[in-house]
Amino acid sequence: NAGVTQTPKFQVLKTGQSMTLQCAQDMNHNSMYWYRQDPGMGLRLIYYSASEGTTDKGEVPNGYNVSRLNKREFSLRLESAAPSQTSVYFCASSGATSGSGYTQYFGPGTRLTVL
Amino acid sequence: GDSVTQMEGPVTLSEEAFLTINCTYTATGYPSLFWYVQYPGEGLQLLLKATKADDKGSNKGFEATYRKETTSFHLEKGSVQVSDSAVYFCALRSGNQFYFGTGTSLTVIP
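Quick mapping for you: the protein sequence lines, in order, are chains A and U. Per the numbering used here, residue 1 is the first one in the first sequence, and the count goes up by one each step. Per the numbering used here, residue 1 is the first one in the second sequence, and the count goes up by one each step.
Think of the hints as simulated: they come from the structure by calculation, not from any bench. As the structure is a computational prediction, the values presented were derived from the model and not from experiment. Heads up, the beta-carbon is just placed ideally off N, CA and C, and yes, glycines get one too. Just so you know, not all the hints are guaranteed correct.
[As the list claims (entries may be wrong)] Computed Cβ-Cβ distance ranges for the label pairs, DEER-style:
1) A:Glu52 <-> U:Thr26: 30 to 36 Å
2) U:Thr12 <-> A:Arg111: 25 to 31 Å
3) U:Ser58 <-> A:Val12: 37 to 43 Å
4) U:Glu16 <-> A:Phe10: 33 to 39 Å
5) U:Gly1 <-> A:Glu52: 24 to 30 Å
6) U:Ser105 <-> A:Arg111: 14 to 20 Å
7) A:Lys14 <-> U:Lys56: 46 to 52 Å
8) A:Phe10 <-> U:Gly9: 24 to 30 Å
9) U:Lys56 <-> A:Ser18: 33 to 39 Å
10) A:Glu59 <-> U:Gly41: 20 to 26 Å
11) A:Ser84 <-> U:Ala17: 35 to 41 Å
12) U:Ser3 <-> A:Gln22: 29 to 35 Å
[Said to hold, decoys possible] Partial chain U-side listing against chain A, Cβ under 7 Å, derived:
13) Gly43
14) Leu44
15) Arg93
16) Asn96
17) Phe98
18) Phe100
19) Gly103
[As the list claims (entries may be wrong)] Calculated from the model, a selection of chain A residues having no Cβ within reach of chain U, i.e. all distances over 10 Å:
20) Gln17
21) Ser31
22) Gly53
23) Lys71
24) Arg72
25) Ser80
26) Thr103
27) Gln104
28) Leu112
29) Thr113
Okay, chain A solo, but in the shape it has when bound (with noise of 0.2 Å):
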């Protein structure tokens, strides 16, 4: 049971190239997110999904788009990176599986640097 997985765990991109940050739980849980954790400012939300086949826009999504591919995996992308999007991204799940109790789980993160 190996929780939430995230790839790649580090990158660097130079201004303009697109790349995808993938993640796959394995908890059987309906709900995904996409976070970036930026020094003194906690997480903002970029994008979640509900369910399988949904997708919303959090605090942050302009340069992103998302895709709930199914239950287990949901990608995030980056278009055109930009300076701006460097930072740490969390994916996380939660679900009303027995034990979690809606509980959000987080996996390791991948750093991105944008040159």
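Knowing the structure of chain A, use the given hints to seat chain U on it.
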């Protein structure tokens, strides 16, 4: 809208000192409340939670009580250890959304 406000850091304590990190919230309805801990280079891990008023969450010597009358969920530990050095986040769940405080950095010195 819903939000969480937590005590600004950083906090530096000596080993075996008493810890309090304040957290207050604004929410409609009856949110669930959480404390998460983040160690350097890692993701957030659930530390404890409470789902209704007067519930006390506890784990690894940490405690927090859901106080509806003061809309608070302060984190406490009686005797901190060096290994407790981390960043602590207060959070609430309202519907499908989670709202996080900005985090409080704790350093415990021997």
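Hint check:
1. A:Glu52 <-> U:Thr26: 30 to 36 Å: holds (31 Å)
2. U:Thr12 <-> A:Arg111: 25 to 31 Å: holds (26 Å)
3. U:Ser58 <-> A:Val12: 37 to 43 Å: holds (42 Å)
4. U:Glu16 <-> A:Phe10: 33 to 39 Å: holds (37 Å)
5. U:Gly1 <-> A:Glu52: 24 to 30 Å: holds (27 Å)
6. U:Ser105 <-> A:Arg111: 14 to 20 Å: Between Ser105 (chain U) and Arg111 (chain A), where Cβ atoms are some 18 Å apart, the hint holds.
7. A:Lys14 <-> U:Lys56: 46 to 52 Å: Hint holds: Cβ distance 50 Å, inside 46 to 52 Å.
8. A:Phe10 <-> U:Gly9: 24 to 30 Å: Since Phe10 (chain A) and Gly9 (chain U) have Cβ atoms about 26 Å apart, the given range 24 to 30 Å holds.
9. U:Lys56 <-> A:Ser18: 33 to 39 Å: Once the Cβ atoms are compared, 48 Å apart, the range 33 to 39 Å for Ser18 (chain A) and Lys56 (chain U) is violated.
10. A:Glu59 <-> U:Gly41: 20 to 26 Å: holds (24 Å)
11. A:Ser84 <-> U:Ala17: 35 to 41 Å: Between Ser84 (chain A) and Ala17 (chain U), where Cβ atoms are some 39 Å apart, the hint holds.
12. U:Ser3 <-> A:Gln22: 29 to 35 Å: holds (31 Å)
13. Gly43: holds (4 Å)
14. Leu44: holds (4 Å)
15. Arg93: With Cβ-Cβ at 6 Å, under 7 Å, it holds.
16. Asn96: holds (5 Å)
17. Phe98: holds (5 Å)
18. Phe100: With Cβ-Cβ at 4 Å, under 7 Å, it holds.
19. Gly103: holds (5 Å)
20. Gln17: Consistent with the label, Gln17 (chain A) stays out of reach of chain U, its closest Cβ about 25 Å off (over 10 Å).
21. Ser31: violated (5 Å)
22. Gly53: Answer for Gly53 (chain A): holds, closest chain U Cβ roughly 14 Å.
23. Lys71: Holds, since 15 Å exceeds 10 Å.
24. Arg72: Holds: least Cβ distance 18 Å, greater than 10 Å.
25. Ser80: holds (27 Å)
26. Thr103: violated (6 Å)
27. Gln104: violated (5 Å)
28. Leu112: holds (15 Å)
29. Thr113: Nearest chain U Cβ is 15 Å from Thr113 (chain A), so the label holds.
Hint compliance for this structure: hints 9, 21, 26, 27 are not met, and every other hint is.
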